[in-house]
Every structure is written in structure tokens, then in C-alpha cells.
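Colleague: Residue numbers (this note's numbering), protein chains in the order written: chain A, 1 to 296; chain B, 1 to 98; chain C, 1 to 279.
Careful: at least some of the hints might be erroneous.
Keeping only pairs whose Cα atoms sit at most 25 angstroms apart, straight-line, the calculated PhoX-like set for lysine-lysine is [to be verified]: (1) A:Lys111 - C:Lys278; (2) A:Lys112 - C:Lys132; (3) B:Lys18 - C:Lys278; (4) A:Lys72 - C:Lys278; (5) B:Lys17 - C:Lys278; (6) B:Lys5 - B:Lys18; (7) C:Lys278 - A:Lys112.
Please keep in mind that the hints were generated in silico from the structure rather than gathered at the bench.
Because the structure is a prediction, the values reported are computed rather than measured.
Listed below, chain by chain, are the residues.
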Amino acid sequence: MSYPTVIPEFVLRQSFIELDARARAQSLMDPGSWRELVGPFDRIESPWLPEQGIAPQFDDGCVVLKGAIAGKAAVVIALEGGFQAGSMGEVSGAKMAAALDLATRDSQNGKKTVAVLLLETGGVRLQEANLGLNAIAEVMASILALRQHAPVITVIAGTVGCFGGMALAAGLSSYIVMTPEARLGLNGPEVIEQESGIEEFDSSDRALIWAINGGEQRVAMGVADELVLDDAQKIAAIVRSHVEAGLPAVHRSQQVDLYRERIRALDTSRQIDPLTLRETWGGKTTVSKTRKGVTR
Amino acid sequence: MEQLKFEYPSAKRHVTKKAHVGVVGSGDMEVLMQPTETGSAYVSIQTSVNGFSSSWKAVMDRFFSKYDGAVRIDINDAGATPGSVMLRLEQAVEVIES
Amino acid sequence: MSIQVGLRGKAWFEALTGKNSPMAGDPDSVLTADVKIGEDTARFLCVVPNPQARFPCARRGEVGLEEAYTLAARVNEVIKQNTSADKQPISARPIIAIVDVKSQAYGRREETAAIFLACATAAEAYASARMKGHPVITLVVGQAISGGFLTHGYQANRILAFDDSDVVIHAMHKEAAARITLRTVAELDRLGHEIAPLSYDVRDYAKLGLLHKLLHVEDPDKPARATVAQVQKELIDAVADARAGSTDLGNRLTSNAARETRKASVAARAHIEEQWMKA
Numbered sequence: 001m002s003y004p005t006v007i008p009e010f011v012l013r014q015s016f017i018e019l020d021a022r023a024r025a026q027s028l029m030d031p032g033s034w035r036e037l038v039g040p041f042d043r044i045e046s047p048w049l050p051e052q053g054i055a056p057q058f059d060d061g062c063v064v065l066k067g068a069i070a071g072k073a074a075v076v077i078a079l080e081g082g083f084q085a086g087s088m089g090e091v092s093g094a095k096m097a098a099a100l101d102l103a104t105r106d107s108q109n110g111k112k113t114v115a116v117l118l119l120e121t122g123g124v125r126l127q128e129a130n131l132g133l134n135a136i137a138e139v140m141a142s143i144l145a146l147r148q149h150a151p152v153i154t155v156i157a158g159t160v161g162c163f164g165g166m167a168l169a170a171g172l173s174s175y176i177v178m179t180p181e182a183r184l185g186l187n188g189p190e191v192i193e194q195e196s197g198i199e200e201f202d203s204s205d206r207a208l209i210w211a212i213n214g215g216e217q218r219v220a221m222g223v224a225d226e227l228v229l230d231d232a233q234k235i236a237a238i239v240r241s242h243v244e245a246g247l248p249a250v251h252r253s254q255q256v257d258l259y260r261e262r263i264r265a266l267d268t269s270r271q272i273d274p275l276t277l278r279e280t281w282g283g284k285t286t287v288s289k290t291r292k293g294v295t296r
Numbered sequence: 001m002e003q004l005k006f007e008y009p010s011a012k013r014h015v016t017k018k019a020h021v022g023v024v025g026s027g028d029m030e031v032l033m034q035p036t037e038t039g040s041a042y043v044s045i046q047t048s049v050n051g052f053s054s055s056w057k058a059v060m061d062r063f064f065s066k067y068d069g070a071v072r073i074d075i076n077d078a079g080a081t082p083g084s085v086m087l088r089l090e091q092a093v094e095v096i097e098s
Numbered sequence: 001m002s003i004q005v006g007l008r009g010k011a012w013f014e015a016l017t018g019k020n021s022p023m024a025g026d027p028d029s030v031l032t033a034d035v036k037i038g039e040d041t042a043r044f045l046c047v048v049p050n051p052q053a054r055f056p057c058a059r060r061g062e063v064g065l066e067e068a069y070t071l072a073a074r075v076n077e078v079i080k081q082n083t084s085a086d087k088q089p090i091s092a093r094p095i096i097a098i099v100d101v102k103s104q105a106y107g108r109r110e111e112t113a114a115i116f117l118a119c120a121t122a123a124e125a126y127a128s129a130r131m132k133g134h135p136v137i138t139l140v141v142g143q144a145i146s147g148g149f150l151t152h153g154y155q156a157n158r159i160l161a162f163d164d165s166d167v168v169i170h171a172m173h174k175e176a177a178a179r180i181t182l183r184t185v186a187e188l189d190r191l192g193h194e195i196a197p198l199s200y201d202v203r204d205y206a207k208l209g210l211l212h213k214l215l216h217v218e219d220p221d222k223p224a225r226a227t228v229a230q231v232q233k234e235l236i237d238a239v240a241d242a243r244a245g246s247t248d249l250g251n252r253l254t255s256n257a258a259r260e261t262r263k264a265s266v267a268a269r270a271h272i273e274e275q276w277m278k279a
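Using the sequences plus the hints, can you model the full thing?
Modeller: Right, here's the structure in full:
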């Protein structure tokens, strides 16, 4: 007797996390539709790293692909988490901001162009400090300019996650897509432990880290939009659906009164159990899916 | 930080494709391999680990003892082992010769 | 440091506005006042220490959850007031951020309650005001560090800073940066002298081309009448300069200093544009 061979879907899937930034970005675009801008062969590297004895990368850890997603004009900008923890330097920041600005310009001239940001980053590249910090401010400004015309979709897959100043950039996005492995937060656990003590945050407590910053928590509490398994095809499909959905009627980062009230209502006398925020904040999503204001 | 350069005048076979392989993570390197403009192969290495120039030369000599493409090779290195270096070079060759 | 972070901000807010309290319903850590400067009624905002803050990690001048959302609300209020009346951009009120912030708040409550989003809303408010034609001016009187500065001040059209050794604009405090990069504080100082973006000295920061003006004031810890008048004039000039320019952050690339120190930014952007047009 022979049995049919069933290979679990999970085994057949292509892991998105295992791909480098370039491959991740390519996997999201319509096949054959894209070109890389200022790639490694252009050799526009950091001018600051070599003099500090640090090997630069030919693309400074930022990949820019211009093309189409679901047939619509799109630019995908991916930070390479394997290079200096995806941190923002002068050049990588300039590439990201310039690409966003050009998407805005095209959109203003009638060719609406969405941006997808693959944020695998610890924030500012400390070896470029003030130029890195300013680069993040400029990227934030550019996101807000583009957001007036077309959605900015952030994908955080892991393993680096999205921390530091770039978490603000994520917070400004139209939609945030995360895997369960991914984390999103302003300050990493090590920094909190360092600044405020181990009682405040034991950075060796992995369960605590994911309970607070993990993709499942962020989506369940309503500060990120989609939880998707580590599967390149599934992630590409989710991104496509958001490209097609277009701008939300209101962005989460515009909902100041709502969140201000939520903060007022918190009992700060003790640590906040993240699970309670799933009940009180989550479920009632703050992101409308379409311009026409249809809310889930 | 060290800049190393090597030349391989006997590697003269014309190639047409270019390849980029690798990420400059700790213990890793990236390589650009593309057709040379000079007619023979040359290598340029930027490495954050000093003092291994003879080791690099040995790897490059071994690579070009088997490969005759007229390529320009640029490397950014953050401490890859000789084995990893050879692996990256071979991955690049696969793309060039595909 | 000769003075606790945040107290200089408080002193200058009071000196420039004549007020020293939050608006009704706001936490004590955010001071807001509408005050005439020149022909305009500007809104001044400042984050100050609040030892009684509800959040234990936001009591020493850090920008925490309450501070970020309050800033966002008070800045958005100005935008809303301006759009409800039918006004030309020229009369869009100036918004002036007095900055002396230790950093963002480093706490578990903050992370749990998504401080990244809180900070984003404040930065958005400032940026939206700027994009709608409000001159947004930042005056750094003390510290402007990391996420605190991204949230309160870094979206301005024009940034001014005191030329003073207690003015520090940076991505991370020296001690923390030393720990993370495995260097000594002395090594960081030395590096900063050689590599401008790493420096903790505001005079080196000025070389990066991001600053509109470095202000030389007599005794920044104690704002005297003459220095206050001097600073008011500088703010009025900065407002006019902002109005004459664009509503984006382009001046950070076109300034004389930027042309020198940010060559890589300019080159990267030019290459992206050139290849974008062909793609």
C-alpha cells in the first residue's frame, strides 16, 4: 500500500528572514519590474567608517529598488540588518530620504508611487552619530511628505527588529507588517537595563522582550497592522494587498487624542501587563483600510 | 584598516557578466567581481583586520591558479576566514560564468 | 555639566514668554505659551523636569509618553486654529521649541505603551505644521539627545543653538556611547575632534550644516534682559528666514557648511535621482 506524500506547507515555504536585504526587497516586487538604484557597483560608501577601522559596505547597507508592486509604481527601500545592525548612516539615510522624495515628486506629477520600507535596524549608526540622527529626522520628514499622496508600508521581519530613531519612522507609516519573530520598540532592552537598571528591564529575559516588543503583541495591541508568518510569499501578498488598499483614511500617528486618553487611563503605579493592552487598546483597530473611511 | 592590492596578469579571458556576493557582517565579507578595463585581473581589498596580507595573497594566488577570467575584484572585509573568502569568490564566479 | 538638564530650558522658556506653567490639563513637564514676538504670536513649547511625573522614568527632563502626546496635541492645536480661519500661509503662526532634553524616557512602561508611537505623533505634529507653512524654530539651550530631539525639535525649519559647552546635540550620551562602542570617554572625545559627526562639542555640530545659527550669549544659565532681547531678535530673524525658504528640510543640504561636510549625502542623493530618472 502506498501513501500520498504530503509535505507540510511550513517546510516548503521560503523564509523571508533568511534572505538578505536585497533578496527581501526583490521578493516583494513584481518580477522583472524593478531596477536597483545606487547599488553596490556604484560604490557609494560611508566616508566615516574606514577612518575608524570599520569595513564599509559598497551600498552602505541600504538597498533601493524602483519598480512595481501589484502593477502600481513602487519603491522598496531595505536596510541590511547584517551590516552594522542595519543602522542609519549618512549615506544609507540619504539614499532612503532621496528615494522617498522622488516618490513624492512623481506622485505630485501624477504618477502615484508607494514606498515599502524594510526596517531591520537598531537606529542611529553611532560611528556617524549626528549625521545618522539627522538622517533619521530627514527620513521622517520625507515619509510624511510622501504620505500625503501614497501609502508608506513598513515591514519588520527580524532578526534585528526595528529600534531607536527608526521606530519613529515605523510609527509614521501607513501600515506596519510584522512577523512573530520581529520586534518594534524605541529603546532596546539592553539600553533600558543600562539606563534604568535591571529591575526596570532584565535584558536577558527573552520572553519579556517579545511580550512587550514582539510582533504578536504589537499587532494585538493595535500599534501594528498585520502579523504574518515568516514566509516570503505570504509577506509579499500582504504588502500587495496594502499597496492596493491605498492610503488609510486616518493614520495611526494622527490619532493623538485617542492615544493621549489611553495613556491617561494607565495605572502607572506598577508595570503594565502587556496582555491587558490587547484588551483595552487592541481589537478596535485605529487604522481604516481605505480612503473611503471603512473601518474594521 | 588595510588596503591590499594584487595583480594577476595571466588572467586574461574576457568575461561579460558582473557579480556581487556577501554582506559585511562580523567575520564575513562582500565581493564585487566584474569585467576588468585593463585586460587582466586585479584585486583590491579593504579589510578591518590588519596583518594578514600574506594570508590574503595565498588565497588570491590559489583562486587565480584555477580561474583565468579577466576580472576586477573589490572586497570589503570584516574578518572572513580564508575558507569563507574562497567560498564567496566561488559564488561570484558561479554568477559570472552562468 | 554645570546645571541639571532641563532647568536651563525652564529658565529660557520663562525668560522668553514670561510664563512658567503648563496649559490647563497638561502635565507639569510640558510648558506651552502663546506670546508675541515681533509681529507674530508664536507658540513656545518646552519639556522640563517633573519630579512628580506619573511615569517614574520620565521625571528628569526626558521626553516620555505624556510629554510626547502633549507636545503633539499643543502643536496640532496651532495647525487647527490656522486652518479653521481662512488664512494665507504668511500668517501661519510660528512654533518655537525650546530644547533642553536629557533624551527619551528609558522605561518598561514606556515600551509597553508604545512610546515609539507617542514620539512619532509629536514629530508628525511639528513636521505637519512646517509643511503647512508655520515657521518651526528650534532653540537648543542645553541638551538635545537622540529620541528626545527627534520628537521635540528636529523637524524644525531652522535650528539655533547656544555656543556653550553645556549645549550637547548628539545621538547618545557620552557614557552610554562609550559602553556600547567599547571605547573610553577620553577616546570618544579624541575621536570627536577628528570626526565632526561624532563630536559632543556644539561648535563641531555647527560644521555639519544642520544649524541655522550658533548664538553667542552671555551666561546662558541666567538669561539677563539684554541676552533675552538678543535671542528674541534672533528668533524673529529665523522666523523670517524660514518664511522666505521652503517648507522642507532642504536647507540642511544646501548650507555652506553642509556643502563641505555632507558631500556624501549630496552625492548619494544626486546619484539616486540620476538613476531614478532612467529607471
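Colleague: Which numbered hints are broken by the structure, listed smallest first?
Modeller: none
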